[in-house]
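Listed below are the residues making up each chain.
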Amino acid sequence: MSPSLLKAGLLAATLTAAFVVGWELHWRGQGFPISYNDDESLWASKRRLVYNTSPAGPVLIGASRIKFDLDQPTWRRLTGRQPVQLALVGTSPRPVLANLANDPRFHGTVVVDVVEGIFFSPTGSRQEKRALDRLKAYPKWSLAQQLSFRLDRALESKLVFLDEDRLTLDAFLNNLALPSRPGVFMMPLFPPKFAFNDFDRQTRISAAFVADTAMQHRMQSVWTRLGSTSGKHGDGGDTLTALIQSVKQSVDRIRARGGRVVFVRCPSDGPFWAAEQRGYPRAQYWDRLLADTHTPGVHFADYPALAGFRCLEWSHLTPADAATFTAALIPVLEQQTGWRIATHPVAARGGPGCPVRTAAPAALLPLNH
Amino acid sequence: MVFNSYSFVLFFAVLLVLHNLPLPWKVKKINLLLASYLFYAVWNPPFVLLLWLATAVDFYVARLIAREERPVPRKLLLVISLVMNLGLISFFKYGGFLLENFTALLGAGGIAFHAAKPDLILPVGISFYTFVTLSYTLDVYRRQAPPEKSFLNFALFVTFFPHLVAGPIVRPADLIPQFQAPRRATGEQLGWGLFLLSLGLFMKVTLADGLLAPAADAVFGVPFPVAPLDAWAGVLAFSGQIFCDFAGYSTCAIGVALCLGFVLPDNFRYPYAALGFSDFWRRWHITLSTWLRDYLYIPLGGNRRGSARAYLNLMITMLLGGLWHGASWTFVVWGALHGTFLCAERGVRGWASRRWQPLPAHETAPDASLAPVVYRASLAPPLPGARTLGRLGLVLLTLLLVNVTWVFFRAADFGAAARLLLAMFGLIPDGKPLLTTVDLLKVGGLTVGILAAHWLMRDTSLRQVAARTPWWLLGAGWAAMLVLLVLTQKSSSSFIYFQF
Numbered sequence: 403m404s405p406s407l408l409k410a411g412l413l414a415a416t417l418t419a420a421f422v423v424g425w426e427l428h429w430r431g432q433g434f435p436i437s438y439n440d441d442e443s444l445w446a447s448k449r450r451l452v453y454n455t456s457p458a459g460p461v462l463i464g465a466s467r468i469k470f471d472l473d474q475p476t477w478r479r480l481t482g483r484q485p486v487q488l489a490l491v492g493t494s495p496r497p498v499l500a501n502l503a504n505d506p507r508f509h510g511t512v513v514v515d516v517v518e519g520i521f522f523s524p525t526g527s528r529q530e531k532r533a534l535d536r537l538k539a540y541p542k543w544s545l546a547q548q549l550s551f552r553l554d555r556a557l558e559s560k561l562v563f564l565d566e567d568r569l570t571l572d573a574f575l576n577n578l579a580l581p582s583r584p585g586v587f588m589m590p591l592f593p594p595k596f597a598f599n600d601f602d603r604q605t606r607i608s609a610a611f612v613a614d615t616a617m618q619h620r621m622q623s624v625w626t627r628l629g630s631t632s633g634k635h636g637d638g639g640d641t642l643t644a645l646i647q648s649v650k651q652s653v654d655r656i657r658a659r660g661g662r663v664v665f666v667r668c669p670s671d672g673p674f675w676a677a678e679q680r681g682y683p684r685a686q687y688w689d690r691l692l693a694d695t696h697t698p699g700v701h702f703a704d705y706p707a708l709a710g711f712r713c714l715e716w717s718h719l720t721p722a723d724a725a726t727f728t729a730a731l732i733p734v735l736e737q738q739t740g741w742r743i744a745t746h747p748v749a750a751r752g753g754p755g756c757p758v759r760t761a762a763p764a765a766l767l768p769l770n771h
Numbered sequence: 021m022v023f024n025s026y027s028f029v030l031f032f033a034v035l036l037v038l039h040n041l042p043l044p045w046k047v048k049k050i051n052l053l054l055a056s057y058l059f060y061a062v063w064n065p066p067f068v069l070l071l072w073l074a075t076a077v078d079f080y081v082a083r084l085i086a087r088e089e090r091p092v093p094r095k096l097l098l099v100i101s102l103v104m105n106l107g108l109i110s111f112f113k114y115g116g117f118l119l120e121n122f123t124a125l126l127g128a129g130g131i132a133f134h135a136a137k138p139d140l141i142l143p144v145g146i147s148f149y150t151f152v153t154l155s156y157t158l159d160v161y162r163r164q165a166p167p168e169k170s171f172l173n174f175a176l177f178v179t180f181f182p183h184l185v186a187g188p189i190v191r192p193a194d195l196i197p198q199f200q201a202p203r204r205a206t207g208e209q210l211g212w213g214l215f216l217l218s219l220g221l222f223m224k225v226t227l228a229d230g231l232l233a234p235a236a237d238a239v240f241g242v243p244f245p246v247a248p249l250d251a252w253a254g255v256l257a258f259s260g261q262i263f264c265d266f267a268g269y270s271t272c273a274i275g276v277a278l279c280l281g282f283v284l285p286d287n288f289r290y291p292y293a294a295l296g297f298s299d300f301w302r303r304w305h306i307t308l309s310t311w312l313r314d315y316l317y318i319p320l321g322g323n324r325r326g327s328a329r330a331y332l333n334l335m336i337t338m339l340l341g342g343l344w345h346g347a348s349w350t351f352v353v354w355g356a357l358h359g360t361f362l363c364a365e366r367g368v369r370g371w372a373s374r375r376w377q378p379l380p381a382h383e384t385a386p387d388a389s390l391a392p393v394v395y396r397a398s399l400a401p402p403l404p405g406a407r408t409l410g411r412l413g414l415v416l417l418t419l420l421l422v423n424v425t426w427v428f429f430r431a432a433d434f435g436a437a438a439r440l441l442l443a444m445f446g447l448i449p450d451g452k453p454l455l456t457t458v459d460l461l462k463v464g465g466l467t468v469g470i471l472a473a474h475w476l477m478r479d480t481s482l483r484q485v486a487a488r489t490p491w492w493l494l495g496a497g498w499a500a501m502l503v504l505l506v507l508t509q510k511s512s513s514s515f516i517y518f519q520f
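Chains A and B are the protein sequences, given in the same order.
The first sequence begins at 403 in my numbering and counts up by one.
The second sequence begins at 21 in my numbering and counts up by one.
Chain A extracted, bound-state conformation (with noise of 0.2 angstroms):
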């Protein structure tokens, strides 16, 4: 190698080795945690688990808020069963439900997470659309991606800087405080340590988020700009019909393997919940959901154990609210269902905030039956 090429080399080496401990030193001291990159493959490797589901150990889709919400050590504590976590940020659930009714091997417990907005977003809607991107790349997770994978894992287990969401060269830019084009929408941008994600794609409040008051406020901004608070009205008539069969027809298919599916609504709060009631009333939504496909629900609202919790930011749990509103559900659930989930007669609460004690049959029961 001539001199110079063999130089250029060894510098190229040792500045980027600097910076990359450097930036790694840096961001541990910023105070972020390892935090998995919530990817494809990700996702992937736990699709593949879904064929040894059960009502202890169910597959969990819908949205963001069943990823916070509910808590899967607990979930797992409880009933012996590693639930399988394929819950999509800001996606309807009804692409995946399909999926799981079309896939001839799956006859396992779904358990769905409805947040209104989302879950009864009209057919080829941006929120279907991601659903459907990821659901597409699925089977063609090859065995080069899954070694990837693998060796990207252990890596990301050890090194802060590698998140995809917050600490790359597109995060950093798109971040940059330049003013937006009339009539362009530009994404708010979430603060940074909202939450991070563990491997078991469990989606976490962090400790500084909860510390933080201005980082609340600065989240609820988030919602409002994305319109989460206007309740603008959803979709209705024929459409709407249309959509519920849908997913009727979904959860008809899996039943008719021995599967099982339930619906659950997470909690929400303030401003967020309010306009949610307005937007999605009930009756039109929730409760025909569940008549109309045959299909068991817990509403948070209905439940003394589920109710009351405080959404920080209006719309996810704290991990420790998560925790105690998993231990609540467990035994809604089997109240609901009449399925066997937890190993023992499970631990339920009074309320949020509130000790954690043995199921009372009092706080089971539905608020509005």
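Just so you know, not all the hints are guaranteed correct.
Unchecked claim - Each pair of labels, with its calculated beta carbon distance range:
1) L476(B) to K538(A): 50 to 58 angstroms
2) T525(A) to L43(B): 29 to 37 angstroms
3) L69(B) to R657(A): 36 to 44 angstroms
4) H428(A) to T480(B): 37 to 45 angstroms
5) K538(A) to P243(B): 17 to 25 angstroms
6) P449(B) to S632(A): 27 to 35 angstroms
7) G464(B) to K538(A): 28 to 36 angstroms
8) R528(A) to G321(B): 46 to 54 angstroms
9) A420(A) to F445(B): 46 to 54 angstroms
10) F445(B) to D689(A): 34 to 42 angstroms
11) T626(A) to P449(B): 49 to 57 angstroms
To be verified - Some chain B residues flagged as far from chain A (calculated, every beta-carbon gap over 10 angstroms):
12) K46
13) E208
14) L343
15) L441
16) V485
Hints were generated in silico from the structure; no laboratory data involved.
We put the beta carbon where it would ideally sit given N, CA and C, even for glycine.
Given the coordinates of chain A, assemble chain B onto it according to the supplied hints.
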């Protein structure tokens, strides 16, 4: 396996170690061959069978062709190879397209015909390795190359992983001789190979995927007309993306091969500084354009059968070149546009040379027929107006027209292409603004950067520039690429040309 993946880093590291162990040359070649099959099989293992089929058939058919003296059996043997190679690619790549058009044709004639659309997965790289094996059989048939005696050498020529899935499309003379004697990368080759690998990954991961793809995907993905600024930004973003993606792959492939001691042909020479379309095709996907020249345009008669036939041959070559890229009419139109621009350029040059000055002696020399196909289109002196208009003006005009052709290349259908073209030229008054300020700055900055780099580099080579650059500056530039690569973090996304 893609170059921009952790699995490739591991694969390549192990292979480099193996290749540098004191093992017999034959063992090293077997290692390379097995590694190449592994490289390919991890996409979809059954498709290795197709690769084996193509390798075995062409190896033995070429041997028989070389032995056979009688014209008819020789032709029959060639037909066997052509049917096998073109049959495979037709079945996997064009089966659905042909069926769709057949159904439409019957429908137009009032015959209702419904056939289940074949649900076939396109074997990755089939268009590339088919051309590699075809070139070998055709060279042997034309007695331009002897048949390779060693099956191992031939199998490695077809399968050698750096070029296997997206080129450069190698010819027997490019690679087979390199397998005949022991080779190991010199220190210079290893160092330069690693530099090229870094540059190729930077182009692919940081520039193409990280900075340009989002704007291109957004503009080409919406079902409504966008504002002229957004339309231009989207097309320029795709223009930069496809160059950085494909030239990035070729640069990686050349770098990886060089690290192992093998030299692959250049595939790109700063195409966005091309002065006209014939120059563009001497600089863009060079190994494809020369393949089309040698195995399609010249056998069709090239420009030896008169002017009208030369135009026709040029159009046929570019139409089939378009179809090679994908089974869709939009690719055919892309090829047709390139053919039309080449014909127009040829016509203008011919007219100008007759009007103002005679052909230079070297342009009319007997060996001029050996010039590249698309180069044939420019077998005339430079446009007389070039000096006055300025080379830069011609470069920008060429680029403008190339960008128009990219619309058909990238758009999902003709409706989308028409919508975008109308928006680009301001014929849709109420197009929607789509891209953010940051997107526009990224596209604008990178477009200017890519054009400036191509303009400055058009008459030189990276190696020459690197040799003139102080080591500390080269090292700093190399480090900047690696740091940006680390910062971009996108890994494992496919290269655009894999789908072809």
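Okay, the hints, checked on the actual structure:
Here the CB-CB span from L476(B) to K538(A) is close to 42 angstroms, at odds with the stated 50 to 58 angstroms. Look at T525(A) against L43(B): about 60 angstroms separates their beta carbons, and that is not inside 29 to 37 angstroms. Taking the beta carbon of each, L69(B) and R657(A) are about 41 angstroms apart, inside 36 to 44 angstroms as hinted. Look at H428(A) against T480(B): about 39 angstroms separates their beta carbons, and that is inside 37 to 45 angstroms.
Under the hint 17 to 25 angstroms, the C-beta atoms of K538(A) and P243(B), about 18 angstroms apart, fit the expected range. Look at P449(B) against S632(A): about 30 angstroms separates their beta carbons, and that is inside 27 to 35 angstroms. Distance hint check: the CB atoms of G464(B) and K538(A) are about 32 angstroms apart, consistent with the given range 28 to 36 angstroms. The hinted range of 46 to 54 angstroms is satisfied by R528(A) and G321(B), whose Cβ atoms lie roughly 53 angstroms apart.
A beta carbon spacing of about 50 angstroms between A420(A) and F445(B) agrees with the range 46 to 54 angstroms that was offered as a hint. Range check, F445(B) to D689(A): Cβ separation about 53 angstroms, and the 34 to 42 angstroms hint is violated. As the Cβ distance of T626(A) to P449(B) is approximately 33 angstroms, the hint placing it in 49 to 57 angstroms is violated. K46(B), annotated as away from the interface, keeps every beta carbon of chain A farther than 10 angstroms; the closest lies near 28 angstroms.
For E208(B), the condition that its CB be more than 10 angstroms from all CB atoms of chain A is violated, with the nearest at approximately 5 angstroms. No Cβ of chain A comes within 10 angstroms of the Cβ of L343(B); the nearest lies about 24 angstroms off, and the non-interface call holds. Non-interface call for L441(B) relative to chain A: holds, since the shortest CB-CB distance, roughly 22 angstroms, exceeds 10 angstroms. The non-interface label for V485(B) is consistent with chain A: the shortest C-beta to C-beta separation is roughly 13 angstroms, beyond 10 angstroms.
In summary, the numbered hints that this structure violates are 1, 2, 10, 11 and 13.
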